[in-house]
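S.K.: Taking UniProt numbering, the leading residue of the sequence shown gets 1, the next gets one more, and so forth.
Calculated from the structure, these hints are not laboratory results.
Hints may contain errors.
Stated by the list, open to error - Here are the simulated DSS-like pairs of lysine-lysine, each with C-alpha atoms no more than 30 Å apart in a straight line:
no.	residue 1	residue 2
1	Lys42	Lys169
2	Lys235	Lys42
3	Lys42	Lys214
Unchecked claim - Label pairs and their computed distance ranges (CB to CB):
no.	residue 1	residue 2	range
4	Gly177	Asn126	52 to 58 Å
5	Thr268	Arg175	23 to 29 Å
6	Leu123	Lys235	20 to 26 Å
7	Val104	Ser182	24 to 30 Å
8	Ser182	Ala76	18 to 24 Å
9	Arg3	Ile245	24 to 30 Å
10	Glu2	Tyr88	25 to 31 Å
11	Lys235	Glu137	25 to 31 Å
12	Leu22	Val104	31 to 37 Å
13	Ile58	Ser218	44 to 50 Å
14	Phe191	Tyr88	38 to 44 Å
15	Ala133	Ser182	37 to 43 Å
16	Gly236	Ser173	40 to 46 Å
The beta-carbon is built from N, C-alpha and C at its ideal position, and this holds for glycine as well.
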Amino acid sequence: MERREFIASLVAGGCAGMCVDLTLFPLDTIKTRLQSQQGFAKAGGLRGIYAGVPSAAIGSFPNAAAFFVTYESTKARLGARGAFSDPYITPVTHMLAASLGEIVACLIRVPTEVVKQRTQACLSSNTYQVLLATLREEGVRGLYRGYRSTVLREIPFSLVQFPLWEYLKTHWSWRQGHTLSSWQAAVCGAFAGAVAALVTTPLDVAKTRIMLAKAGTSTARGNILSVLLHVWKNKGLMGLFSGSIPRVMSISLGGFIFLGAYEQVRSTLL
1 MERREFIASL
11 VAGGCAGMCV
21 DLTLFPLDTI
31 KTRLQSQQGF
41 AKAGGLRGIY
51 AGVPSAAIGS
61 FPNAAAFFVT
71 YESTKARLGA
81 RGAFSDPYIT
91 PVTHMLAASL
101 GEIVACLIRV
111 PTEVVKQRTQ
121 ACLSSNTYQV
131 LLATLREEGV
141 RGLYRGYRST
151 VLREIPFSLV
161 QFPLWEYLKT
171 HWSWRQGHTL
181 SSWQAAVCGA
191 FAGAVAALVT
201 TPLDVAKTRI
211 MLAKAGTSTA
221 RGNILSVLLH
231 VWKNKGLMGL
241 FSGSIPRVMS
251 ISLGGFIFLG
261 AYEQVRSTLL
């Protein structure tokens, strides 16, 4: 990837991440509280809906920038060589690029997500207090609790969202005979995000419970399968899909804003 494309992806990704995270933060808070083990009302209900927003604001730019730089550079490298340059293999290229992008981005996302979600579920503490308490009780490892579950949630999500987004853009562009505008790319992003959000909700429930669990408990150890089985036994299918409505709404709107803003900023810079 050329230097100009690298900078465009970096800036566009970061701007898109900040736009979506700050705009849709209240929906994310509601989703977190619906999924918490203590229940929606005890986690704060509709009070303090912007609790944890400083953590999201700090992490959103580098997180999204890291994802898109990795995604675009991997697409460019794979698409320029061997079997991956075949149009029939393009979805696989997008899947691999998105998966690698998520692994890199989660190195930044998980610490900010841990602090944000704990603040969202505990109104008696602010972002700074939660950060200090986590470092004091669990050290730096505490900030990465749920890294594996986050990656295992984000990779399936990206395996659905990005190939679907790229396919919808290509198909729509072919139907109208010219490149899509940024708002059309945003519509494709909204649809792809909604589908991906719905099918990966159980993994999101597991990730939320692991991050919010008390240190030293079996849940905090991060065994996704055991957490999902526990939720299934106690709350059934509804429990596995708790928070799915605000999650789908949030990610669908987020896909519209995130991918639309990314396309707009990137095309402007290029």
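S.K.: If I claimed the Cβ atoms of Ile58 and Ser218 lie 44 to 50 Å apart, would that claim hold in this structure?
M.R.: Given a distance of about 31 Å, which is not inside 44 to 50 Å, the answer is violated.
S.K.: Take the C-beta atom of Gly177 and the C-beta atom of Asn126, compute their distance, and say whether it sits inside 52 to 58 Å.
M.R.: holds (53 Å)
S.K.: For a C-alpha distance cap of 30 Å, please report whether Lys42 and Lys169 respect it.
M.R.: With Cα atoms ~43 Å apart, Lys42 and Lys169 exceed 30 Å; violated.
S.K.: Against the range 20 to 26 Å, how does the distance between the Cβ atoms of Leu123 and Lys235 compare: consistent or not?
M.R.: holds (24 Å)
S.K.: Do the beta carbons of Ala133 and Ser182 sit within 37 to 43 Å of each other?
M.R.: Hint holds: Cβ distance 42 Å, inside 37 to 43 Å.
S.K.: Could you check the hint for me, namely that Glu2 and Tyr88 are 25 to 31 Å apart, CB to CB?
M.R.: Since Glu2 and Tyr88 have Cβ atoms about 27 Å apart, the given range 25 to 31 Å holds.
S.K.: Determine whether the Cβ-Cβ distance between Ser182 and Ala76 falls within the hinted range of 18 to 24 Å.
M.R.: Holds - the Cβ-Cβ distance for Ser182 and Ala76, about 21 Å, lies within 18 to 24 Å.
S.K.: Could one say that the CB atoms of Arg3 and Ile245 fall in the range 24 to 30 Å?
M.R.: 43 Å Cβ-Cβ, so the 24 to 30 Å window is violated.
S.K.: Look at the Cβ atoms of Gly236 and Ser173 and judge whether their distance stays inside 40 to 46 Å.
M.R.: Given about 43 Å between the Cβ atoms, the range holds.
S.K.: Would you say the C-beta atoms of Lys235 and Glu137 sit inside 25 to 31 Å of each other?
M.R.: holds (28 Å)
S.K.: Could you check the hint for me, namely that Phe191 and Tyr88 are 38 to 44 Å apart, CB to CB?
M.R.: Since Phe191 and Tyr88 have Cβ atoms about 23 Å apart, the given range 38 to 44 Å is violated.
S.K.: The hint says 23 to 29 Å between Thr268 and Arg175; measuring C-beta to C-beta, is that right?
M.R.: About 25 Å separates the Cβ atoms of Thr268 and Arg175, which means 23 to 29 Å holds.
This entry does not satisfy hints 1, 9, 12, 13 and 14, going by the numbered hints stated previously.
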